[in-house]
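Engineer: This is what each chain is made of:
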Amino acid sequence: MKKVYGSAAEALDGLLRDDMLIAAGGFGLCGIPELLLQAIKESGVKDLTFASNNAGVDDFGIGILLQTKQVRKMISSYVGENAEFMRQYLSGELELEFNPQGTLAERMRSAGCGIPGFYTKTGVGTVIAEGKEHKEFNGETYILEHGIFADLSIVKAWKADETGNLVFRKTARNFNPPAAMCGKVCVAEVEEIVPVGSLDPDKIHLPGIYVHRLIQGDHEKRIEQRTVRKREEA
Amino acid sequence: MPWDRNQMAARAAEELEDGMYVNLGIGIPTLVANYVGDKDITLQSENGMLGMGPFPFEGEEDPDLINAGKQTITELRRTSYFDSAQSFGMIRGGKIAAAILGAMEVSEKGDLANWMIPGKLVKGMGGAMDLVAGVGRVIVVMDHTNKHGESKVLKECTLPLTGKAVVDLIITNLGVLEVGHKGLHILECADGVSHDDIRAATEATIV
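Here the protein sequences line up with chains W and C, keeping their order.
Numbered as in the UniProt record's numbering, the first sequence ends at 234 without a single skipped number.
Numbered as in the UniProt record's numbering, the second sequence ends at 207 without a single skipped number.
Hints listed in this document are in silico derivations from the structure and should not be mistaken for laboratory results.
There's no promise every hint is true.
Straight-line alpha carbon distances no greater than 25 Å define the calculated DSS-like cross-link-like pairs of lysine-lysine that follow [as the list claims (entries may be wrong)]:
no. : chain 1 : residue 1 : chain 2 : residue 2
1   : W       : Lys121    : C       : Lys155
2   : W       : Lys170    : C       : Lys155
3   : C       : Lys120    : W       : Lys73
4   : W       : Lys221    : C       : Lys70
5   : W       : Lys121    : C       : Lys147
6   : W       : Lys73     : W       : Lys184
7   : C       : Lys123    : W       : Lys132
8   : C       : Lys120    : W       : Lys230
9   : W       : Lys69     : W       : Lys46
10  : C       : Lys95     : C       : Lys155
11  : C       : Lys120    : C       : Lys95
12  : C       : Lys147    : W       : Lys73
13  : W       : Lys73     : C       : Lys182
14  : C       : Lys120    : W       : Lys135
15  : W       : Lys121    : C       : Lys39
16  : C       : Lys182    : C       : Lys147
17  : C       : Lys95     : W       : Lys170
18  : W       : Lys230    : W       : Lys170
19  : C       : Lys155    : C       : Lys182
20  : W       : Lys2      : W       : Lys159
21  : C       : Lys182    : C       : Lys164
22  : C       : Lys164    : W       : Lys3
23  : W       : Lys184    : W       : Lys159
24  : W       : Lys132    : C       : Lys182
25  : W       : Lys203    : W       : Lys221
26  : W       : Lys121    : C       : Lys123
27  : W       : Lys159    : C       : Lys70
28  : C       : Lys155    : W       : Lys69
29  : C       : Lys123    : W       : Lys221
30  : W       : Lys69     : C       : Lys120
31  : C       : Lys39     : C       : Lys95
32  : C       : Lys39     : W       : Lys135
Partial list, computed: chain W residues near chain C (C-beta under 8 Å) [claimed, not checked]:
no. : residue
33  : Cys30
34  : Gly31
35  : Glu95
36  : Gly102
37  : Ala105
38  : Gly117
39  : Phe118
40  : Lys121
Glycine is no exception: its CB is placed at the ideal position from the N, C-alpha and C atoms.
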């Protein structure tokens, strides 16, 4: 089965429709599937729900789909850096479901593992727990959280082989593996596709079983907060 | 003299023991890393890293290497990387010994509010709810009073909670308070600050 496609638009062909739920990898602007997001924008598909830790910034990441009003709902843990997001949210155009970050990651991971729900202590006694089933285990209270079963996963990795085995780089791994696991179909964009056999099988971070389509491309990899120290402090 | 930000961070660092895996929040908690001295402390960044190093030198920033505050950082020889599900697995699973966090309000029962003010712009809780529910010990570092001079250490929090009965220790510019079963205990006062000064500045029950 051929997994490698020539462009983001080709890789997404036949997968996009209005009203769908997309799980996207990335943390802030780090490790986001920037090429696939651009192609989703150009496709014109709308009323999308994104399960993504953040919503990008105004002109990068999921932010570019907010500008064109293609997003109806975000499931996120932190949306701080996006003025257009706030404008649409406060005016009621955009729906927002806050999830604690670990709960969001586990909702993706568990769905990908065929587990439709799990109990967690996170959020007990807060607004997050309202309306959710509470259960005691060993004298402690937990709440039920549901898996996120996405229609489509879009992720970004560093390298892939032609069978879709993925290797991530440093903290750009973040939400990409759990997001990849929870979709019916997963499209991955990478910086380099290498021939089968050239990745060390012991160093594959996400096996190709989770990855259905693959593209290679040039990434801007924008830095959100450049923080440095001076040489003399060393 | 009440403690300044660096003195509060230095006091918080005294709570850390050799060998601990620790998560530091944004703001004053970040400064704690400057005061761990010779102790072997491994810092977790909840986006998926253990062994967080200092900021990079100019020109060495790597867009693939950031902390939970989205700042560029560096790795250490001991560093390991993992995905967000595993990162919060180790948090939820109690493997992280302590989290040091900032706060808007703390109650005498250890309730913590640090993620939203109703009517103001809500940015989200990020990983704060997971951290306070999961780590071994939650240490709050904050100013004792807000900019209006009102106590941030309260009988009950007025803001939406990040966690209920989760805080173990409160370090403020006035001193150190422990959350006990019947109220707060003053463990230590800043230089020149008396128990009475702390009581006067605190709305919560001090026993």
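Engineer: Each hint needs a verdict: does it hold in this structure or not?
Structural biologist: Hints, verified against the model:
1. For the given pair, Lys121 of chain W sits about 23 Å from Lys155 of chain C by alpha-carbon distance, which is consistent with the 25 Å threshold.
2. Restraint check for Lys170 of chain W and Lys155 of chain C: not satisfied, since their Cα atoms lie roughly 43 Å apart, outside the 25 Å limit.
3. Among the hinted pairs, Lys120 of chain C with Lys73 of chain W is consistent with the structure: their alpha-carbon atoms are about 20 Å apart, no more than 25 Å.
4. Restraint check for Lys221 of chain W and Lys70 of chain C: the C-alpha separation of about 13 Å stays at or below 25 Å, so the hint holds.
5. Restraint check for Lys121 of chain W and Lys147 of chain C: the C-alpha separation of about 33 Å exceeds 25 Å, so the hint is violated.
6. Taken as a hint, the Lys73 of chain W and Lys184 of chain W pair is honoured in the structure, with Cα atoms around 19 Å apart against an allowance of 25 Å.
7. Restraint check for Lys123 of chain C and Lys132 of chain W: the C-alpha separation of about 22 Å stays at or below 25 Å, so the hint holds.
8. Restraint check for Lys120 of chain C and Lys230 of chain W: not satisfied, since their Cα atoms lie roughly 36 Å apart, outside the 25 Å limit.
9. The suggested pairing of Lys69 of chain W with Lys46 of chain W holds, with an alpha-carbon distance near 7 Å, which does not exceed 25 Å.
10. A distance of roughly 30 Å separates the Cα atoms of Lys95 of chain C and Lys155 of chain C; the hinted pair therefore is violated under the 25 Å criterion.
11. For the given pair, Lys120 of chain C sits about 34 Å from Lys95 of chain C by alpha-carbon distance, which is inconsistent with the 25 Å threshold.
12. The hinted pair formed by Lys147 of chain C and Lys73 of chain W fails the criterion: a straight-line CA distance of about 36 Å is larger than 25 Å.
13. Distance check on the hinted pair: Lys73 of chain W and Lys182 of chain C sit about 44 Å apart at the alpha-carbon level, beyond 25 Å; violated.
14. A threshold of 25 Å between alpha carbons decides the hint, and for Lys120 of chain C with Lys135 of chain W the separation of about 33 Å lies outside it, so the pair is violated.
15. For the proposed pair Lys121 of chain W and Lys39 of chain C, the alpha carbon gap of about 31 Å is over 25 Å, so the pair is violated.
16. Distance restraint check for Lys182 of chain C and Lys147 of chain C: the Cα-Cα separation of roughly 28 Å exceeds the 25 Å cut-off, and the hinted pair is therefore not satisfied.
17. Of the pairs offered as hints, the one joining Lys95 of chain C and Lys170 of chain W holds, with about 21 Å between alpha carbons and a cut-off of 25 Å not exceeded.
18. Distance hint between Lys230 of chain W and Lys170 of chain W is fulfilled; the C-alpha atoms sit about 23 Å from each other, no more than 25 Å.
19. The straight-line distance between the Cα atoms of Lys155 of chain C and Lys182 of chain C is roughly 11 Å, inside the 25 Å bound, and the hint therefore holds.
20. Taking the CA atoms of Lys2 of chain W and Lys159 of chain W, the gap is near 17 Å; set against the 25 Å cutoff, the hint holds.
21. Simply put, Lys182 of chain C and Lys164 of chain C have alpha-carbon atoms about 15 Å apart, close enough for the 25 Å limit, and the pair holds.
22. At roughly 48 Å between alpha-carbon atoms, Lys164 of chain C and Lys3 of chain W are farther apart than 25 Å, so this suggested pair is violated.
23. The straight-line distance between the Cα atoms of Lys184 of chain W and Lys159 of chain W is roughly 22 Å, inside the 25 Å bound, and the hint therefore holds.
24. With a C-alpha separation of about 30 Å, the suggested pair Lys132 of chain W and Lys182 of chain C falls outside the 25 Å cut-off, and the hint is violated.
25. Among the hinted pairs, Lys203 of chain W with Lys221 of chain W is consistent with the structure: their alpha-carbon atoms are about 23 Å apart, no more than 25 Å.
26. Note on Lys121 of chain W and Lys123 of chain C: the hinted pairing holds, with a Cα-Cα distance of about 22 Å set against a maximum of 25 Å.
27. Between Lys159 of chain W and Lys70 of chain C the CA atoms are separated by roughly 23 Å; this keeps the pair inside 25 Å, and the hint holds.
28. Note on Lys155 of chain C and Lys69 of chain W: the hinted pairing is violated, with a Cα-Cα distance of about 44 Å set against a maximum of 25 Å.
29. Between Lys123 of chain C and Lys221 of chain W the alpha-carbon distance is near 23 Å, which keeps this suggested pair within the 25 Å criterion.
30. Proximity of Lys69 of chain W to Lys120 of chain C is assessed by CA-CA distance (about 24 Å); at most 25 Å being required, the pair is judged to hold.
31. Between Lys39 of chain C and Lys95 of chain C, the direct Cα distance comes to roughly 18 Å. Compliance with the 25 Å bound is thereby established for this hinted pair.
32. With a C-alpha separation of about 40 Å, the suggested pair Lys39 of chain C and Lys135 of chain W falls outside the 25 Å cut-off, and the hint is violated.
33. About 5 Å separates the beta-carbon of Cys30 of chain W from the nearest beta-carbon of chain C, less than 8 Å, and the hint is met.
34. This hint holds: Gly31 of chain W has a C-beta 7 Å from the nearest C-beta of chain C, less than the 8 Å allowed.
35. A least Cβ separation of about 14 Å between Glu95 of chain W and chain C goes past the 8 Å threshold, and the interface hint is therefore violated.
36. Interface restraint check: Gly102 of chain W against chain C, minimum CB-CB distance 3 Å, threshold 8 Å, status holds.
37. At its closest, the beta carbon of Ala105 of chain W sits 4 Å from a beta carbon of chain C; the interface hint therefore holds under the 8 Å criterion.
38. Given hint, Gly117 of chain W at the interface with chain C, is violated; its Cβ is 15 Å from that chain's nearest Cβ, farther than 8 Å.
39. For Phe118 of chain W, the shortest C-beta to C-beta distance to chain C is roughly 10 Å, which exceeds 8 Å, and the interface hint is violated.
40. Among the interface hints, the one on Lys121 of chain W holds; its C-beta lies about 4 Å from the nearest C-beta in chain C, closer than the 8 Å criterion.
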